[in-house]
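Colleague: Hey, can you work out the whole structure from these sequences and the hints?
Protein chains in written order, with this note's numbering: chain C, 400 to 742; chain L, 4 to 376; chain Z, 106 to 615.
Note that these hints are calculated values from the structure, not bench results. Think of the CB as a built atom: it goes at the ideal place given N, C-alpha and C, for glycine as much as any other residue. Any given hint could be a false lead.
To be verified - In the BS3-like style, the derived pairs of lysine-lysine whose C-alpha atoms are separated by at most 25 Å in a straight line are:
| # | chain 1 | residue 1 | chain 2 | residue 2 |
| --- | --- | --- | --- | --- |
| 1 | C | K568 | L | K282 |
| 2 | C | K607 | Z | K484 |
| 3 | C | K568 | L | K71 |
| 4 | C | K607 | Z | K487 |
| 5 | C | K535 | Z | K432 |
| 6 | L | K282 | C | K573 |
As the list claims (entries may be wrong) - So these bits of chain C aren't anywhere near chain L, every CB distance computed over 12 Å:
| # | residue |
| --- | --- |
| 7 | V425 |
| 8 | Y510 |
| 9 | I587 |
| 10 | A728 |
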Amino acid sequence: MSAEQAVRPTQVERPSGTTRTGDSIVQRLLSSPEGYLFTFIVVVWVFLAIKSTVFLTERNIGVLLSQVALIAITGFGMTLLLIAREVDLSVGSMQAFVGVVAMQAMNQWHYLVVGIVVAILLGVIVGSLNSALTLKLGITSFIVTLAMMQILRGAAYTSTNAAVQNEHKLSSFKRVFNGAAIENPVRIPWPVVIMAVFFVIFSLILAKTTFGRSLYALGSNPEAAALSGIHVWRLKTICFIVTSVMAGLSAFMLIARMNSGQNNAGFGFELQVIGAVLLGGASLAGGKGTILGTFLATLLLGSLNNGITLMGYNPNWQWAVTGIIILVAVFLDSIRRRYTQES
Amino acid sequence: MTKTSLWRGWAARFALALVALLALGQIAVAQDATPSAGSPTAAQMEGDALVRSLDPTAPPDGWTIPAKVGHVTNYLVHEWYQNLTKGEQARADEWGIDFSINDANLDLTKSLAAVDDYLAQDIDVLNFTPVNEEASGPKITEAAATGIPIICESSPTDGCTTLVSIDDYAAGYKVGVWAGDYVNENLDGKAVILDVGLPALSTTVNRSQGFIDGITSVLGENATVAQSVDGNGLKDVAVQVSADALTAHPDVNVIFGINDDSALGGMQSYEAAGLDMDKLLVVGFGCEGNACKDALMEGGPYKVSAAMFPEYQGRLLIDAGVAAFNGTELAPHTIAPSTPMTADNLADYYTKDGDTYTPNFDAIAAISIEGEK
Amino acid sequence: METATQNTGTQAPLLEMRAIHKEFPGVVALDSVDFDLLPGEVHALIGENGAGKSTMIKIISGLYHADSGQMLVDGNAVDFRGPADSIARHIKVVYQELDLVPGLSVAENVFLGAYPKRSGGRVDWNALHRNTKQLLDELGLDIDPETPVGELRVAEQQLVEIARALSQNAQIVVMDEPTSALSTDEVDRLFSFIRRLQERGVGIIYVTHKLDEIYRIADRVTVVRDGKHVITTDVTGTNPHDLVTWMVGRELKDLFPKTNVKRGPVLLRATDVSGSGIQHFDLTVHAGEIVGLFGLLGAGINTVGRVLFGASERTAGTVELDGQRIKPNSPSDAMDKGMGLLTEDRKSDGLVLPMSVRDNMTLASLRQFANFSWLNSRKETKEASAFVDRLSVRTPSLRQRVQLLSGGNQQKVLMARWLMRDPKLLILAEPTRGIDVGSKSEIYRLMDEMAQRGLGIVFMTTEIPEILGIADRILVMREGRIVAEFGRSEATQARLVEAAAVAQEMGEAA
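Modeller: Here it is as structure tokens:
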């Protein structure tokens with residue numbers, strides 16, 4: 400067997416095609432979700448850069464990435480969860496619930512760190528509940544977190560019938576987390592910096608640690624993983640908690656961006672997140688997905704939304720375009736699988 | 004769960020989220036008033052005037068006060084309804100009426116069932132906020148056939164005795180004129196407008212249109228709309244779309260929002276973009292909650308909001324019911340007052356005590372509604 | 106030998122393949138292969154995994170298209186563009202993975218897509234059931250046509266699948282390892298069934314790994330190796346040794362390289378163990394000993410491994426390994442104390458198919474490659490590479506997805522997974538199921554080698570030759586209990602079958 404096959408083993412049993420084909424750049428780009436997402440992004444960016452003079456400005460890229468950050472950060476957690484064959488629909492309601500509680504806590508105690516601790520703590524609690532209900536009672540996470548979504552939304556409404564305003568006026572609050580303000584030394588908005596840090600951490604965890612390896616094994620074949628001594632229960636619990644904590648951090652950045660805790664925030668957020676993670680190459684059947692894929696998918700969808708508004712198109716296109724992109728991606732993926740005989 | 008059924012689940016969730024978003028947009032803007040055709044008759048105008056002048060301590064001779072009034076609301080958790088029903092309750096107490104609320108929580112079936120429940124309880128007057136005005140028509144027409152007055156709120160529905168709501172276009176126009184004057188005095192007479200709207204609903208489209216027409220009536224060609232975006236009536240969405248729009252149009256100096264969250268969201272994005280807050284005018288709509296009132300008092304760019312006085316509308320709802328119960332003929336649309344509220348005149352309409360704002364009904368009642376429909 | 110009809114050699118072949126050539130990128134799957142099938146003959150097609158059997162079948166079934174060469178059906182050149190073309194030529198392929206619809210009845214499945222209709226297009230259910238019944242009777246199958254297929258046992262489903270072939274008036278039937286899931290009894294039934302097909306003049310291509318079956322049923326045999334045609338010959342006049350030699354291309358001195366290992370101290374002691382599917386089970390295994398568990402399907406041999414390992418529920422009894430008690434229902438405890446389990450179903454609970462060879466090998470011992478859970482991938486590669494050499498795993502690279510390896514090599518990957526942990530006791534459930542004879546021999550060699558190193562091995566099988574060939578001690582099970590025990594020297598095929606058959610009769614009585 401040649402060295403080339405060693406590198407691209409999936410090509411060995413291509414069922415059709417009689418001649419050996421070389422690796423053109425196009426083929427490489429289309430051989431993975433990350434590849435075609437990247438291609439998509441390049442196409443979209445080039446189009447937008449030609450059509451709009453502001454698209455490639457520092458300010459707009461900052462705005463775009465800040466918006467991407469909120470979805471991507473929760474998306475990184477959700478990627479782990481989907482790899483483990485579970486899902487969390489409550490991340491949208493978390494935006495509202497954590498938002499109002501964290502803002503109230505900061506109003507009460509006047510410390511930024513109180514808000515962050517509250518956001519993380521609520522994430523741990525909600526994640527633990529999700530995992531306990533899913534794993535102990537054997538109800539699918541889809542149902543459990545659907546219920547949790549309603550419960551948290553209800554809790555957000557019950558705790559306040561109006562938006563919780565920023566009464567603490569902490570300067571650090573806005574400066575550190577607020578969307579596009581380019582104030583820090585590297586001239587990159589803090590949410591983007593935070594996203595980048597999590598990107599690196601999560602990528603390394605998935606690619607380089609026993610946790611990541613075990614997670615992929617668990618998602619692909621839970622039985623085999625359990626029989627290889629992997630603690631399925633422990634791993635899934637960690638994933639649930641991480642997802643909720645990341646959702647909590649997203650919520651914290653969202654209230655900084657809105658400068659208030661809104662009990663009606665985050666409607667449809669879970670669909671944006673899960674849609675992006677799936678678009679990034681994960682599967683509801685588990686075992687697949689990468690942090691890079693999730694990031695690229697989020698960036699692609701964010702670029703489209705940004706572009707549609709920038710160009711002054713009818714904002715209703717955002718729904719349709721997002722749907723079309725997901726369909727195209729699924730279509731490309733099915734072609735890719737046919738050619739690589741992936742199950 | 005299989006892949007297929009999960010996907011079906013997604014589809015269902017997606018549809019649900021869409022419905023919820025639309026519904027929320029509907030309540031977030033809280034009001035719907037399609038002006039009714041034709042001008043009111045003399046008797047109707049007389050009745051209208053009577054409603055506005057009622058005094059529970061001195062009811063007209065021979066009137067009987069309805070014993071039970073019930074309100075079927077569509078979304079009680081929203082601040083608008085919190086304050087509206089507060090006003091209803093207070094007024095009902097003054098009349099000595101037994102007032103109750105049944106909330107549908109955006110569920111049409113629940114809403115219609117609640118109407119039946121009230122009818123079964125022999126209610127004297129029904130106040131009604133539709134979840135969906137079209138779908139509620141037959142049920143309300145049926146309820147009206149029993150002879151009880153039905154006072155609608157928010158959206159006109161077939162069978163209603165009258166609709167109590169503001170004139171969205173006129174309210175927008177008035178606040179637009181105010182904004183035009185402000186721009187002339189403080190912003191060199193040129194307005195570049197970001198309209199954070201909600202194009203899916205006719206009421207909110209009327210608000211935006213009223214505002215643009217109003218400001219244009221003052222500034223003429225010096226008022227231009229840079230962009231209209233869809234903020235869904237939600238602050239998180241408004242922040243996002245405004246941020247995008249403001250990078251394309253950093254010269255925007257007037258932000259109009261179809262409700263408080265839309266206006267505050269737009270303002271937030273403007274500030275985050277590092278633009279000069281001293282050169283900005285923010286115009287809101289509704290001002291039902293503390294967020295808006297505090298923002299007005301703060302002296303920042305949020306200078307004015309088309310106040311809708313939910314507490315007073317609650318009072319009007321009760322009074323219209325009392326009048327109709329006693330056979331007073333009412334116009335199809337009982338106009339609720341609205342006025343551009345600013346830091347300067349806020350104290351006329353609300354008295355602040357700690358964290359609560361108490362409405363001053365006499366001042367609100369005195370707001371002119373002339374020419375509105 | 107029970108060969109039914111001898112072919113005359115003068116008949117025109119039903120199917121002919123001439124110089125068929127098929128390449129996949131980088132691999133020549135078939136290199137100028139010839140093949141022919143006569144009416145009324147059973148033609149065995151054998152070869153190691155990857156030799157080209159599957160590709161041949163797929164070309165016959167129209168799934169693949171040959172790059173060059175000619176195929177003739179009834180003397181006419183054909184050019185199949187898809188399975189429909191093949192079916193139209195009365196060719197039926199019965200795959201290992203059945204494509205029946207579990208929710209539909211037997212009758213509906215048999216006539217799927219070709220229901221007898223009344224006027225007006227309504228299905229004539231009476232005719233459907235009558236026709237099915239007739240067909241099943243003809244085949245000696247006592248199955249109610251209205252039973253949902255999902256309620257049948259796998260063996261019965263397989264027969265239904267073949268009945269479907271008949272309903273489609275198939276002239277050429279290809280069977281891909283049809284007996285891999287069948288009990289002895291059911292195999293007998295299948296064979297009598299095949300003979301009836303022969304009498305009708307149907308030609309059968311019979312793909313198998315089980316050499317004894319060839320001598321029971323086949324008229325001719327074709328051996329392929331590395332995509333090349335090796336030989337086609339009458340079965341009469343060959344012996345298993347020849348067949349194996351042709352298949353692997355070298356002399357196999359001994360299929361079962363069993364050496365006598367001196368029994369060490371007691372390693373595993375399971376006392377009065379009960380749990381899911383097994384009752385009051387006692388088992389002792391010494392270091393260096395290979396203990397075979399034999400039983401028919403459903404006798405519970407495979408659950409023994411799962412219960413001992415903790416993967417299935419243990420409700421009573423104790424399990425001690427090297428003097429240490431093992432907690433019930435905790436695979437990780439069993440692993441920590443030195444036990445390893447290779448389950449009988451590689452794909453469903455052994456391999457992580459989309460993962461690489463290396464990652465599958467190291468999965469159970471990740472901790473030894475990690476510093477504070479940070480994986481040292483160079484160390485992993487080094488260790489995996491050593492095992493690839495030691496077990497002669499045939500793979501283009503360590504990064505090859507394990508899914509794409511042959512069954513034998515997949516099994517070796519799983520053995521490597523456990524050997525990497527340096528276990529004291531290994532439980533191997535049907536380690537040679539569905540793998541080719543060359544790999545089987547290598548697995549036996551490995552087992553022997555491990556025993557020499559002092560490992561204790563428990564292995565379960567339904568195949569008598571291998572248990573006689575490799576086990577030091579044989580336990581026969583029925584209904585979750587041990588019913589007989591034989592030393593290596595006392596065990597014979599007849600004794601094992603007798604013990605198991607008693608079990609089955611008792612099972613049926615109960």
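Colleague: With reference to the structure, classify each hint as holding or not holding.
Modeller: Hint-by-hint comparison with the structure:
A threshold of 25 Å between alpha carbons decides the hint, and for C/K568 with L/K282 the separation of about 22 Å falls inside it, so the pair holds. For a cut-off of 25 Å, the pair hint linking C/K607 to Z/K484 stands: about 13 Å separates their Cα positions. For a cut-off of 25 Å, the pair hint linking C/K568 to L/K71 is broken: about 46 Å separates their Cα positions. Between C/K607 and Z/K487 the alpha-carbon distance is near 16 Å, which keeps this suggested pair within the 25 Å criterion.
Among the hinted pairs, C/K535 with Z/K432 is consistent with the structure: their alpha-carbon atoms are about 21 Å apart, no more than 25 Å. Proximity of L/K282 to C/K573 is assessed by CA-CA distance (about 21 Å); at most 25 Å being required, the pair is judged to hold. Non-interface call for C/V425 relative to chain L: holds, since the shortest CB-CB distance, roughly 29 Å, exceeds 12 Å. At roughly 22 Å, the least C-beta separation between C/Y510 and chain L is larger than 12 Å, which holds for a residue marked as non-interface.
Taking the minimum C-beta to C-beta distance to chain L, about 14 Å, the non-interface status of C/I587 holds against the 12 Å cut. The claim that C/A728 is not at the interface with chain L holds, since no C-beta of that chain comes within 12 Å of its own (minimum 15 Å).
Going through the hint list in order, the structure does not satisfy hint 3, though it satisfies all others.
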